[in-house]
Amino acid sequence: MEMPQPNPAILAKRERVMTRLASVVAKDALITDEAERRAYECDALTAYRCLPMAVVLPASTQEVADIMRICHEEGVPVVPRGAGTSLAGGSLPSEDAVILGVARLREVLEVSYADRYIRVQSGITNLAVTGAVEHDGFFYAPDPSSQLACAIAGNIAMNSGGAHCLKYGVTTNNLLGVTLVQMDGSVIELGGAHLDAAGYDLLGVICGSEGQLGIVTEATLRILPKPEGARPVLMAFDSNEVAGACVSDIIKAGVLPVAIEFMDRPCIRACEDFAHAGYPDCEALLIVEVEGSDAEIDEQLGLITQIARRHNPIELRESQSEEESKKIWLGRKSAFGAMGSINDYMCLDGTIPVSSLPFVLRRIGEMSKEFGLDVANVFHAGDGNMHPLILFDANKPGDLERCEAFGAEILKLCVEAGGCLTGEHGVGIEKRDLMSVQFTPEDLEAQMRVKDVFDPKWLLNPAKVFPLNASAARRAA
Amino acid sequence: MNPTSEDELSDILRAASVPVVVRGGGTRMIGKPGPGEVLSTAGLSGVTLYEPGALTLVARAGTPLLEVEDALAKEGQRLPFEPVDMRALLGREGVPSVGGMVAANASGPRRVQAGACRDSLIGVRFVDGAGTVIKNGGRVMKNVTGYDLVKLMAGSWGTLGVLSECSFKLLPVPEAEATLLSAEMTPEAAVEVMSRALGTPFEVNGAARSIDGRVALRIEGFAEQIRYRRAALMEALGGEWELLERDASRELWREIRDVTAFAGREGDVWRVSVRPSDAPALVARADCPVQMDWGGGLLWLLCEEGRDLRGDLGALNGHATLIRGAEATRARLPAFQPEPAPVAAIAAGLRRQFDPRGVLNAGMMG
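Protein chains in written order, with the working numbering: chain A, 1 to 477; chain B, 1 to 366.
Since the hints were made in silico from the structure, they are not lab data. This structure is a prediction, so every number in the text was calculated from the model and none was measured. You may find that some hints are simply not true.
Stated by the list, open to error - Sample of chain B residues at the chain A side, in silico, Cβ under 8 Å:
| id | residue |
| --- | --- |
| 1 | SER45 |
| 2 | VAL47 |
| 3 | THR48 |
| 4 | ASP119 |
| 5 | THR260 |
Unchecked claim - Covered stretches of chain B (chain A as the covering partner; in silico rule of three or more C-beta atoms under 8 Å from a C-beta of chain A):
| id | region |
| --- | --- |
| 6 | 22–36 |
| 7 | 127–133 |
| 8 | 236–248 |
| 9 | 252–258 |
| 10 | 332–342 |
The beta carbon of each residue, even a glycine, is placed where N, CA and C say it ideally should be.
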């Protein structure tokens with residue numbers, strides 16, 4: 001992966017920049033020591049690393065503003081960082097950049113059940129938001145699988161999803177307002193606790209802009225009353241096509257499950273070996289979960305299993321207890337761990353129209369043979385968001401490159417099928433150079449024109465999202 | 001000007017040297033009439049893709065909304081956000097279009113649970129003020145590839161580009177609906193009970209107080225489910241409730257959605273978006289007929305012509321839009337809430353980027 005050369009002029013004034021930054025934050029909030037900086041050299045895309053010039057961990061919006069103003073005046077790039085769980089390299093630093101981490105901004109500022117919102121500092125973890133309101137029967141809906149560790153700041157930057165977004169939407173559908181620090185240090189409020197923000201939907205533009213337009217220090221999030229209960233059903237089929245058709249029929253029938261998860265044979269086998277969830281031996285497995293009171297769940301699951309029976313399932317396993325529900329989810333939830341225990345893997349995140357599912361899975365199978373690398377598929381079938389896991393051996397010369405080439409082909413296939421490169425992980429550096437597969441130069445230019453408005457000097461997370469050659473002139477200016 | 005293809009639309013805008021007035025069905029026009037010839041999108045019509053099994057529909061911007069709704073109804077699906085039809089309120093004829101609905105980010109009572117138009121909009125194609133054709137988003141409901149200009153286009157009232165095609169995420173039409181209707185309540189009591197209802201797990205997707213002070217709460221789902229939920233909801237809330245079902249329920253929510261209470265009545269109409277718990281005090285300050293929706297988060301107010309209601313309400317955690325105003329009111333007051341200077345600067349910067357010559361609905365949003 002190519003990264004731009006560090007700017008020698010910036011490296012040359014490192015000392016002065018450090019002195020200025022030290023004057024606006026607490027002593028321990030500016031990290032310059034090489035060993036300590038090492039912890040910030042990558043995010044969850046660990047194949048790519050680079051030591052940043054410095055790391056700064058501000059404790060207030062005012063400190064963030066001061067840091068940004070100084071970096072803006074000095075022309076130093078800033079790479080924002082939430083909890084560093086990005087799978088796309090969204091917070092990969094460059095040698096001439098300062099990492100601005102929001103890890104010390106973790107307060108819950110306000111909760112209103114009457115108006116159903118919570119206001120938090122952006123460094124708080126996703127799960128801690130739900131943790132702050134669940135004892136009163138509420139929750140925060142977007143639930144990325146890294147929710148124990150990932151920060152709301154990163155969720156907003158990447159517009160994170162999760163397993164339950166078929167019903168509840170993704171981050172952008174649950175975000176009401178932000179405090180945003182712009183690159184020049186000015187602080188603005190967008191939205192608030194009311195449902196629709198005024199003027200242009202800048203909140204919608206900020207969400208998913210991968211930390212390139214500003215740094216969110218506070219966020220107002222919608223909270224929802226917890227459902228009375230939830231229960232899954234597990235269905236096993238002897239082909240991906242049949243399972244795909246079943247998903248489509250469930251959706252057409254007017255049931256809106258809270259989650260529909262799909263696993264193919266390689267994934268089922270790996271999960272079974274790892275977690276012993278008792279999954280049947282089959283080609284494709286669906287886990288469908290619905291919510292409500294016991295009677296409501298019975299009614300919906302009745303309808304779903306009736307549809308499934310028309311597709312001749314090998315097995316239908318309706319959970320009868322809390323324990324059985326846990327067991328059904330156990331395998332799915334350990335899918336990534338299971339893969340990690342046997343192999344190095346690369347996790348993709350393309351989305352396809354649900355109708356193209358059988359075709360895309362078949363093509364991936366064929367390509368797997370061509371590239372000589374195994375693939376396991378696990379994904380959110382209700383919304384078409386796939387997570388193919390390509391297995392490789394990082395110690396084997398050439399394997400990583402082969403894996404990346406294979407991954408790129410799968411993502412191109414997603415776009416050809418009418419889908420997109422990334423459904424919830426973001427572009428970062430990982431898919432940056434594939435953007436021209438999905439977008440025309442004019443489409444990309446339109447997006448870059450938005451960054452020109454928010455960050456005319458292109459200092460904020462500059463070498464991400466857009467193909468390097470497309471953004472080169474702007475970054476150099 | 002009436003282009004029949006995206007290419008023609010692009011040619012027209014590339015050649016435009018003076019402002020144009022962008023028009024879908026012409027049924028949602030608010031603000032001061034801008035200068036210029038009308039550019040209609042009516043010629044860009046037709047549903048281009050509908051996959052019921054994927055809950056997605058793509059339509060050209062000029063497609064009559066009714067055509068889309070009919071196609072969806074045949075498959076038992078709908079647009080989740082219940083778009084308001086402004087014709088009666090604004091006293092206009094015409095055919096609401098898909099593009100106009102998106103440009104206005106038009107949502108209705110269900111917004112409180114199912115989100116606004118912008119939340120169901122998953123892709124757009126549009127032509128900017130320089131004539132460049134741009135696409136963003138797509139036809140899949142989970143997509144974080146690049147910046148979300150789809151949201152930017154929703155509610156931009158044709159000032160950043162002329163929409164040529166829009167994609168939506170759909171929902172199934174539930175089997176049954178029921179509405180609980182209260183006796184007259186004060187705004188305070190109404191907001192309190194609506195907040196409690198929206199805080200239950202029964203997925204209340206309409207919570208409004210009509211101008212006569214009665215609170216309506218709607219639930220939708222399978223028939224059995226609705227029988228259970230309406231009883232559970234009544235028990236949770238206490239008090240006396242009248243039950244409306246089927247057509248009676250649908251008709252009530254159509255009236256609330258379209259604010260028919262103020263149709264044909266003299267006076268200016270304002271739409272105010274606030275935090276529900278702030279609503280009672282604002283209603284008292286406004287001291288005029290009000291319809292509350294979104295659990296108190298959306299106020300429709302009818303006041304005497306020419307009154308600066310926005311000024312009278314004072315500092316607001318939210319915003320006020322002049323939806324229908326007498327000529328004198330519109331000449332004096334902007335339709336949209338003026339923004340703080342740094343936010344207004346961003347908005348102006350975006351307009352310069354997407355409409356460098358200022359030809360699209362000039363002056364409409366600042």
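Could you check if ASP119/B really has its C-beta closer than 8 Å to a C-beta on chain A?
-> At 5 Å from the nearest chain A Cβ, ASP119/B passes the 8 Å test, so the hint holds.
Would you check chain A against the region 22–36 of chain B, counting CB to CB pairs closer than 8 Å, and say if three or more residues qualify?
-> Our answer is that it is violated, as 0 residues pass the Cβ test (under 8 Å) against chain A, missing three.
Agreement of hint THR260/B with chain A interface, Cβ distance less than 8 Å | With Cβ-Cβ at 21 Å, over 8 Å, it is violated.
Would the hint on THR48/B stand, with a C-beta cut-off of 8 Å toward chain A?
-> violated (12 Å)
Coverage assertion for the region 252–258 of chain B with respect to chain A, Cβ distance below 8 Å, three residues required | Not satisfied, violated; 0 residues make the cut.
Would you check chain A against the region 236–248 of chain B, counting CB to CB pairs closer than 8 Å, and say if three or more residues qualify?
-> violated (count 0)
Taking the closest Cβ pair, is SER45/B under 8 Å from chain A?
-> With a minimum Cβ separation of about 22 Å from chain A (threshold 8 Å), the hint on SER45/B is violated.
Do three or more residues of the region 127–133 of chain B come closer than 8 Å to chain A, measuring C-beta to C-beta?
-> Held - the region 127–133 of chain B has 3 residues with a Cβ nearer than 8 Å to chain A, which meets the minimum of three.
With 8 Å as the cut and Cβ atoms as the points, is VAL47/B at the interface with chain A?
-> violated (16 Å)
Holds or violated: the region 332–342 of chain B covered by chain A, criterion of 3 or more residues with Cβ-Cβ distance under 8 Å?
-> holds (count 5)
Going through the hint list in order, the structure does not satisfy hints 1, 2, 3, 5, 6, 8, 9.
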